[in-house]
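4 protein chains.
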Amino acid sequence: MTERLSEKTKGVYIISATPFDDDGAIDYNSADSLVEFYIDKGVAGITILGMMGEASKMSTDEADAFMHYMMKRVNGRVPVVVGISDPGINNMARLAKSSMDAGAAGVMVAPMSGLKTEENIYNYFTQALEAMGPDIPVCYQDYPQSTNVFISVDCFNKMVRDYSQMVMFKHEDCPGLTKLSKIRQTADQDDSLRRVSILVGNGGLYLPEELARGADGAMTGFAFPEMLVEVVDLFASGDVERAKDIFDAYLPIVRYEQQPGFGLATRKEVLRRRGGMANAATRAPGPILSAIDHEELSGILTRLENRLKEMN
Amino acid sequence: MTERLSEKTKGVYIISATPFDDDGAIDYNSADSLVEFYIDKGVAGITILGMMGEASKMSTDEADAFMHYMMKRVNGRVPVVVGISDPGINNMARLAKSSMDAGAAGVMVAPMSGLKTEENIYNYFTQALEAMGPDIPVCYQDYPQSTNVFISVDCFNKMVRDYSQMVMFKHEDCPGLTKLSKIRQTADQDDSLRRVSILVGNGGLYLPEELARGADGAMTGFAFPEMLVEVVDLFASGDVERAKDIFDAYLPIVRYEQQPGFGLATRKEVLRRRGGMANAATRAPGPILSAIDHEELSGILTRLENRLKEMN
Amino acid sequence: MTERLSEKTKGVYIISATPFDDDGAIDYNSADSLVEFYIDKGVAGITILGMMGEASKMSTDEADAFMHYMMKRVNGRVPVVVGISDPGINNMARLAKSSMDAGAAGVMVAPMSGLKTEENIYNYFTQALEAMGPDIPVCYQDYPQSTNVFISVDCFNKMVRDYSQMVMFKHEDCPGLTKLSKIRQTADQDDSLRRVSILVGNGGLYLPEELARGADGAMTGFAFPEMLVEVVDLFASGDVERAKDIFDAYLPIVRYEQQPGFGLATRKEVLRRRGGMANAATRAPGPILSAIDHEELSGILTRLENRLKEMN
Amino acid sequence: MTERLSEKTKGVYIISATPFDDDGAIDYNSADSLVEFYIDKGVAGITILGMMGEASKMSTDEADAFMHYMMKRVNGRVPVVVGISDPGINNMARLAKSSMDAGAAGVMVAPMSGLKTEENIYNYFTQALEAMGPDIPVCYQDYPQSTNVFISVDCFNKMVRDYSQMVMFKHEDCPGLTKLSKIRQTADQDDSLRRVSILVGNGGLYLPEELARGADGAMTGFAFPEMLVEVVDLFASGDVERAKDIFDAYLPIVRYEQQPGFGLATRKEVLRRRGGMANAATRAPGPILSAIDHEELSGILTRLENRLKEMN
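First to last, the sequence lines map onto chains A, B, C and D. Under my numbering, the letters of the first sequence match residues 80 to 391, in that order. Under my numbering, the letters of the second sequence match residues 80 to 391, in that order. Under my numbering, the letters of the third sequence match residues 80 to 391, in that order. Under my numbering, the letters of the fourth sequence match residues 80 to 391, in that order.
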């Protein structure tokens, strides 16, 4: 069994795509190749069934089957985190238990859409955390651009105080740099408040700034995981300018993949072109690339290749 | 087999609650009694797995099992409509087919949250309708207060023109009276546009106005279905003032049940008190009545009883 | 000078419409008649330049001129509260000062649209309250259906603790009954927390329940202020069932006026028909009643008249 | 008098900041220096009182005074566009007329927040355009991230067909590249549909892709207008790879300024550091840079300087 998620978790946890064939069925051959692709790029862990994994479009059974398949394929080589967000607490707790039984390192939960006040958010997590029990490590996914649920640092810190299983903050509010700094500062200034792990999302669009402000790594689905790994490693070893040089080289495609909603189709296509999977299809309803989009992407990838050569 | 949904569908299609026990499991005994309760009150049809049915909190399997159970229990005495809204087109089409195979009269679809433009709404329905095929009658649920998806009459009419299976409009935008009138007027003025069935929601809060503007009935979950039935019948028979007297007598509880989100707990409690089901629990996360709420509800129900006596 | 807003404020503060002529200019003759209409109905105070007053569609100068005109017309007969919500703190503070100098009893502030977390709401009010200074009594308008800004009781209570000028809560969240009870309970259980005045909005749609839960009155624009006054008075004198009888008689029109956004046109038309003002026009862009709407409204008003006769 | 906005308008229209001093008053000396700064960088035009210009926080009089001041300072050297978005049609039309009388080239209008259907958007613009009359050229600002109003190409094209004064589309929906292509394609394929000018926003984050898809330039507030100018010019002259090299060099700061809401403070600080204005303050309520933010920005600017040197 791999290490469980904890306050000490570091590095790049890639958010895995879910490969589908043209009929919308899960393409398990591509699931195999994708796992090897990610591990080959040096990721510290893999997160499955996230928003980018199109989990909400899968049936309950499919999600469970895909989870078990991925756990087996990864086979303990790196920790696996499972996204379990669901409108029903029951379903959430069931998938959490099933995942941990299968050897997952922890689970990721985003607050349900429609939670309006921070009191509601706190109460919702109380229900979810108590349904799962204290032994399942939890990552709070703070992604209001998609959930439309907004939380202050005070409210998140209250969860950290009250629930020891809350060990990680997936940071992807935007603008969110001030929030990241405040989570770090409040924990630094208060011995009674645990310092949780912070991994950042948004495709890594603000990765250098976030690492400088105390993030421990990234949890996002950028189609060049090796960039995320290298930047995080270089930051850790103190070679910050080199890290930024690498980041800047990839920034045009980071930005391009970061188009809300639409970017998923781009990202799957890049993974396909790079051999990570055989089919770039998103499950319906999902974005589809036009001929212009394909050509535009090709241009960006060619420029990236040239720029990387130039830098060596 | 019962009549299928069509442009001619009329009357009260009650939206059924889904009964749960205290552990959150489906309470099938109460499902039995609820079916009898509804049929006993004279409803023309029953709609299951709607928003009020807490469908989004059920697993794929549970929803399918509940659908089959209810179909069997109703056993052709009235038509059954199945809510199939789901983030994934695949899941939606699968439940639609399964429901029709089991004898359903048609399906109800609300646009997926997150659809922003009317072009997006139209394209989403194109995908959904083509995945289901032309033989499944569809009701468009226009409930933007919950979905945050807004549609003009022009865009809905385009669907009616392009897809013959689009036979019903579940009207619950608010304010929405002008929209209802416009759907009727545009069809009246254009021979090439089918006049669809319109059933109204929102607990019937504007039922008299809506019937006067051309609605064919109601599809909502008000816990006194006999009021909806009587008002619709009296309107049909031309006794409009008596219909309004009845409606006004119930209005305090109509209004009270209509508190967004929270009203579901009230409605299930009323159904419990009236013998429709044994347990009023909502599945987590869901609203829970406090002692004050219970007492307040009792006061409203006592006054209703008195008012009804007074009127006879 | 009239009494200032305080924790002890009670009764009905009617939200005044702003009368416009057909060209959209302020109709000052109707402003005169409207003041007399309201005072004649027994209101305890008048609130001007609220959302219902179409304040956001007035220029800065117009708002200031209208405020001065109304202060002069009311002439100290009842307290006047001024809505000062504005995207800019400067403008807000300027109108607050100008209003208090002219003899206003206090000001009403809704949080700016776009505030996402409760930390942001608190910080926004800190800026606003400090710009106005401690001597201007403030009413917090909690109307998330319009502002899309949601606040927990804890965050509101923090403002009450930190700013002595925060003396009133205008309650119109929906569902909001639990929130109202919680504001009362938290103050009852904690001597260090002031018990603020709570006046309710939403056209009075839940007035009996709100008064039973501890509201001190209403601040809303229902076109029959005498109903609000009578219900509040009867509750205060303990004649609760009679209060509810009155309320229920008016409920069909309360409900009808409460159609979000659209209801303003109805309300102004009722005020016009009742002699409150000469022209029911809303300023563009605003709702406009169709012939069907006019007829529908007539029917509701006729039934109200009949019902009131029947009750006496 | 300068050229008026038309379908042929091209190049970079910089969105001007509004400089404030520490008390929140307009800093007119900085307005002078800012005009010179922009013209010196080679912009084709200047847009004032946009969202970035904090127009909604100015009083009606201030906005009018600032407009007149800027018109006089620019003094016909480049065309000036005036943002006139306002909740009231009256105010909007008044500022439009006042601006055109003062020599403006045209006006920019964003749809009012709260418009839900495309029918509502169309009707709103009908009211606005008819209030202004056919002689004032209008730019439609499509910025749903801020307005929460979403429009399809079909609805925009209908405005273009029905109102000859609709001559420009300010493109800043995101994802929005497909929309831009579709506006161009629909006009190319239909002789009866005018080809309008498209200038792009979002700080230029997708400028190369947008120019390749047929945009005529940019209308945005990026603090290095010379980059926008050079990229647009190089694209026009066919030197696309050089244009992308320049763009990529600036991309780290483009991205950094593009943090929603917060970016305004960064942008004003960059303008201050570059000598464009004496004070970077935003008017309350507005974002404020922390010490960490300042240092982070310095690092990004130093790297930009180095990268630009390296490229020459």
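Some clues are possibly wrong.
[As the list claims (entries may be wrong)] Simulated restraints, written as ranges between beta carbons of each label pair:
#1 B/388 to A/243: 50 to 60 Å
#2 C/274 to A/147: 38 to 48 Å
#3 C/192 to D/119: 50 to 60 Å
#4 B/101 to C/192: 33 to 43 Å
#5 B/386 to C/373: 53 to 63 Å
#6 B/101 to A/147: 41 to 51 Å
#7 D/381 to A/243: 39 to 49 Å
By construction, these hints were calculated from the structure, which means they are not laboratory data. Glycine is no exception: its CB is placed at the ideal position from the N, C-alpha and C atoms.
Evaluated hints:
1. B/388 to A/243: 50 to 60 Å: Taking Cβ atoms as reference, residue 388 of chain B and residue 243 of chain A lie about 58 Å apart, which means the hint holds.
2. C/274 to A/147: 38 to 48 Å: violated, 57 Å
3. C/192 to D/119: 50 to 60 Å: violated, 37 Å
4. B/101 to C/192: 33 to 43 Å: holds, 41 Å
5. B/386 to C/373: 53 to 63 Å: violated, 30 Å
6. B/101 to A/147: 41 to 51 Å: violated, 31 Å
7. D/381 to A/243: 39 to 49 Å: holds, 43 Å
The earlier numbered hints that this structure contradicts are 2, 3, 5 and 6.
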